[in-house]
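Protein chains in written order, with my numbering: chain A, 1 to 96; chain B, 1 to 195.
Please keep in mind that the hints were generated in silico from the structure rather than gathered at the bench.
Everything numeric in this text was worked out from a predicted model, so none of it was measured.
Here a beta-carbon is modelled for each residue, glycine too, at the ideal position from N, C-alpha and C.
It is possible that part of the hints are untrue.
[As the list claims (entries may be wrong)] Subject to a maximum C-alpha distance of 30 Å in a straight line, what follows is the list of computed BS3-like cross-link-like pairs (lysine-lysine):
1. Lys-64/B / Lys-17/A
2. Lys-86/B / Lys-70/A
3. Lys-52/B / Lys-27/B
4. Lys-121/B / Lys-70/A
5. Lys-121/B / Lys-17/A
[What the hints assert, rightly or not] Below, a sample of chain B positions facing chain A; criterion: calculated Cβ distance under 8 Å:
6. Thr-103
7. Val-130
8. His-131
9. Arg-134
10. Ala-149
11. Val-152
12. Asp-158
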Amino acid sequence: MAASARFRPGERVRVMKAYPLGHVRTPYYIRGCVGEIERVCGAFPNPEELAQMRSGLPAQPLYRVRFRQKEVWPDYRGPDSDVVEIEIYQHWLEAA
Amino acid sequence: MSDEGKYRPLSYFQLMEVTLRELLVEKGIITDEQVDAEVAEMRARTPERGAKVVARAWVDPAYKKRLLENGTKACEELGLEIPALKLVVVENTPEVHNAIVCTLCSCYPRVLLGIPPDWYKSRSYRSRMVHEPRAVLAEFGLRIPEQVAIRVHDSTADMRYLVLPMRPPGTDGWSEERLAKLVNRDSMIGVALPG
Numbered sequence: 001m002a003a004s005a006r007f008r009p010g011e012r013v014r015v016m017k018a019y020p021l022g023h024v025r026t027p028y029y030i031r032g033c034v035g036e037i038e039r040v041c042g043a044f045p046n047p048e049e050l051a052q053m054r055s056g057l058p059a060q061p062l063y064r065v066r067f068r069q070k071e072v073w074p075d076y077r078g079p080d081s082d083v084v085e086i087e088i089y090q091h092w093l094e095a096a
Numbered sequence: 001m002s003d004e005g006k007y008r009p010l011s012y013f014q015l016m017e018v019t020l021r022e023l024l025v026e027k028g029i030i031t032d033e034q035v036d037a038e039v040a041e042m043r044a045r046t047p048e049r050g051a052k053v054v055a056r057a058w059v060d061p062a063y064k065k066r067l068l069e070n071g072t073k074a075c076e077e078l079g080l081e082i083p084a085l086k087l088v089v090v091e092n093t094p095e096v097h098n099a100i101v102c103t104l105c106s107c108y109p110r111v112l113l114g115i116p117p118d119w120y121k122s123r124s125y126r127s128r129m130v131h132e133p134r135a136v137l138a139e140f141g142l143r144i145p146e147q148v149a150i151r152v153h154d155s156t157a158d159m160r161y162l163v164l165p166m167r168p169p170g171t172d173g174w175s176e177e178r179l180a181k182l183v184n185r186d187s188m189i190g191v192a193l194p195g
């Protein structure tokens, strides 16, 4: 049982700027940032639900999203081509 | 914990581990033998496993292609089982240098690299590697030129990462076994070069 993937490689996405309580695998520093889908990793049970001893189903599509460092950190020292890539579940992403 | 035999009070988490383990044994859920066997298995995993994968990729371009496409399957070809998790292998090139971090905890490809070094789990490495990777790499003695892009991989969920370093120059004709000896742990995390 898995939710269908809404995004494809190359598409621009924004990470939701939300601060729910509990076990969340979306790092604080990337919330609100815009990046590009690098690849679709498959679907995995939602860790936020697993942490509550629930099934985590339907499984959530998981993406690797590429962000330009200069867009993540306004004070980033390094060339424009430096990036950070992070795994983010679909329910944290919206089209940008 | 060290094996030096010096007295040190248990930390909060050590105490929690001992308490939980003793309760599980007392209630008959696990046995001491099972715990020992699991610890022995963890200790048996060493970076030599990862080095074997890297050396094979250096000598066999078709294997390298399969490794980059599906790291888990390519490891299974060498008899290295990666249960449950997916392995993503990222390739260093003259244009891109890759490095691995887990900012949320300490996710690490233990099956291929064994127990992570303490610095990998430190708050300092975890917070700085995503924010100032060039400064952190320089502290490891690795200066990446500006024309080489740095790609930091934050291992936040179900994937695990392994860096495929570039094969060092001057190693033409070397055997796979000889090449594997060049591949150190840190080069597969992306904070050093092989050799």
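Numbers of the earlier hints that this structure fails to satisfy, in rising order: 1 and 3
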